[in-house]
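Visitor: Sequence:
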Amino acid sequence: MNTVILAVASIVFVILVLAMFLQRPYAMRYGKFVLPVILPFSIGLLLGLKLDYQFKQSLWEIFFFFLVYVLLTALLLFFAMRQNWLLTGLALVMIVISVSRASGYIIASNQTEYLVTQGSSPYVVVDTYKDGFVMMPVDLKRHVILPEVLFVDQAEQIKDSLRLREIKTGPLTVEGKRD
Numbered sequence: 043m044n045t046v047i048l049a050v051a052s053i054v055f056v057i058l059v060l061a062m063f064l065q066r067p068y069a070m071r072y073g074k075f076v077l078p079v080i081l082p083f084s085i086g087l088l089l090g091l092k093l094d095y096q097f098k099q100s101l102w103e104i105f106f107f108f109l110v111y112v113l114l115t116a117l118l119l120f121f122a123m124r125q126n127w128l129l130t131g132l133a134l135v136m137i138v139i140s141v142s143r144a145s146g147y148i149i150a151s152n153q154t155e156y157l158v159t160q161g162s163s164p165y166v167v168v169d170t171y172k173d174g175f176v177m178m179p180v181d182l183k184r185h186v187i188l189p190e191v192l193f194v195d196q197a198e199q200i201k202d203s204l205r206l207r208e209i210k211t212g213p214l215t216v217e218g219k220r221d
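Add 42 to the 1-based position in the sequence shown for the working numbering, that's all there is to it.
Some hints could be false.
As the list claims (entries may be wrong) - Result set (BS3-like, lysine-lysine): computed pairs, CA atoms no more than 27 Å apart in a straight line:
id, residue 1, residue 2
1, Lys-210, Lys-92
2, Lys-172, Lys-210
3, Lys-98, Lys-210
4, Lys-183, Lys-74
5, Lys-210, Lys-183
6, Lys-183, Lys-98
Said to hold, decoys possible - With beta-carbon atoms standing in for the labels, derived distance ranges:
id, residue 1, residue 2, range
7, Ser-84, Phe-193, 33 to 39 Å
8, Arg-71, Val-191, 48 to 54 Å
9, Leu-109, Tyr-72, 16 to 22 Å
10, Gly-212, Met-136, 19 to 25 Å
11, Gly-161, Leu-91, 50 to 56 Å
12, Ile-149, Arg-184, 20 to 26 Å
13, Lys-92, Arg-124, 33 to 39 Å
14, Thr-154, Arg-71, 44 to 50 Å
15, Ile-104, Tyr-68, 28 to 34 Å
16, Met-70, Arg-184, 51 to 57 Å
17, Ile-209, Leu-58, 16 to 22 Å
Think of the hints as simulated: they come from the structure by calculation, not from any bench.
Since we're looking at a predicted model, the values are computed, not measured.
We put the beta carbon where it would ideally sit given N, CA and C, even for glycine.
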């Protein structure tokens, strides 16, 4: 859900800044150099705030993706200045989808604490939806989540007293493929 919010926020921010960039001559003069750096930097700041600036990725990997997004944003501005709206829209869609996917990957790969059920076959809470938990079976020794999804309604499980505890597991990966 956080990646969806980040993607929507990036869409709104890019469109507003792009509109200002196209309508104001002083913004057009300097914006073509500043804007491609500011937009990816602001998305990076949002991700950093979400993760308390503790990334598992190397500094070079982060810098590489920053440069890729600077080039994509410069491409977006280039097409917008030429008023080629089809390619501008295509570049915007490409930026939004890739920001959503990359931020989801970074957030998931840096998460180390999970809510885990107690018992012989533990389940981990991977997401929440309305008043329920999205849970998956986990092997805590191998740090692997099995690709089976279980939706647990909180109201019904409170009756059955579902016991969850927060465990620092380290990053978890999903094993195998769905059938």
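Visitor: Okay, which hints does this one fail, numbers in order?
Guide: Failing hints, ascending: 4, 10, 11 and 17.
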